[in-house]
Amino acid sequence: GAVVSQHPSRVICKSGTSVKIECRSLDFQATTMFWYRQFPKQSLMLMATSNEGSKATYEQGVEKDKFLINHASLTLSTLTVTSAHPEDSSFYICSARIGGTTTTQYFGPGTRLLVL
Amino acid sequence: AQKVTQAQTEISVVEKEDVTLDCVYETRDTTYYLFWYKQPPSGELVFLIRRNSFDEQNEISGRYSWNFQKSTSSFNFTITASQVVDSAVYFCALSALNSGGSNYKLTFGKGTLLTVNP
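Line by line, the protein sequences are chains W and V.
Using this note's numbering, the first residue of the first sequence is number 1, and each one after it goes up by one.
Using this note's numbering, the first residue of the second sequence is number 1, and each one after it goes up by one.
Hints are computed from structural coordinates only; laboratory data are not their basis.
A quick note: this is a predicted structure, and the numbers were derived from the prediction, not measured.
Some hints could be false.
As the list claims (entries may be wrong) - Some chain V residues near chain W, calculated using beta-carbon distances under 8 Å: (1) Y33; (2) G43; (3) E44; (4) L45; (5) F47; (6) R50; (7) F54; (8) F91; (9) S95; (10) Y104; (11) K105; (12) L106; (13) G109; (14) K110; (15) G111.
Backbone N, C-alpha and C fix where the C-beta goes; we use that ideal spot for every residue, glycine too.
Start from the sequences, fold in the hints, and give me the full structure.
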């Protein structure tokens, strides 16, 4: 149980294009989903927290107009990197929390983004 | 503010050796949760364990064991008889009810890269 999927697993795009990454909870409803970014050999950096049906909460220093997050249902959240640039190349990971008092986050397999 | 320190950046052992990964945390909250995640080369984070601040019982799961000591603010992870498949980055994380807000945000340590050589 508690499986989270991400799509695509890898994406290569040209500078200036937008890229959408999907995060799905497959066997549970996720009231809260989180988006992280991880640079090589570094820890995870939380970008934003999204709750179903409301606007995402972004961490300090993360541009909300560049990283658009939509949490349209209890099983799907999307991250759109708008007008991507080479410095946006990174490993993006989502996680989902079941809700209530459950604190455990279950992570997706991640998406490797390379912007040329 | 909350903080997680994993002082060991990299550890290398030979198969069948026991290895302990250290984790020290800081929080002002009295209610908090501690986690260990494994990140193999594929990149996906695998949940290993969650421990709440009111439960100091140590836990064993197969070759894995965890030692939670509130007195030293530590939550160490031991792998017994390590195997090559244990090679991964291991992250310790903390979620505090008040600091993290109602969304239970996680604060991660920097991770420890464990390499188990045959």
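Given G111(V) as an interface hint, is the shortest Cβ-Cβ distance to chain W below 8 Å? At about 5 Å, which falls below the 8 Å cut-off, the nearest Cβ of chain W leaves the hint on G111(V) intact, so it holds.
Does R50(V) hold up as a contact with chain W if the rule is Cβ-Cβ below 8 Å? holds (5 Å)
Regarding the hint that K105(V) lies at the interface with chain W, is the smallest CB-CB distance below 8 Å? Hint holds; K105(V) Cβ to chain W Cβ min 6 Å, cut 8 Å.
Should the hint that F47(V) touches chain W count as held when the rule is a Cβ pair under 8 Å? holds (6 Å)
Status of the G109(V) interface restraint (C-beta, 8 Å, chain W): Holds, because the Cβ-Cβ distance from G109(V) to chain W comes to roughly 7 Å (cut-off 8 Å).
Is the interface hint for G43(V) satisfied, with its Cβ closer than 8 Å to some Cβ of chain W? Holds: closest Cβ of chain W sits about 4 Å from G43(V), inside 8 Å.
Agreement of hint L45(V) with chain W interface, Cβ distance less than 8 Å: holds (4 Å)
Tell me if Y33(V) is really an interface residue toward chain W, meaning its C-beta lies closer than 8 Å to one of theirs. OK, holds: Y33(V) within 8 Å of chain W, min 5 Å.
S95(V) was flagged as interface toward chain W. Is the shortest Cβ-Cβ separation under 8 Å? holds (5 Å)
Against chain W, is E44(V) within 8 Å by beta-carbon distance? holds (4 Å)
Any CB of chain W closer than 8 Å to the CB of L106(V)? At 6 Å from the nearest chain W Cβ, L106(V) passes the 8 Å test, so the hint holds.
Per the CB criterion, is Y104(V) less than 8 Å away from chain W? holds (4 Å)
Comparing the model with each numbered hint stated earlier shows that hint 7 is the single one that does not hold.
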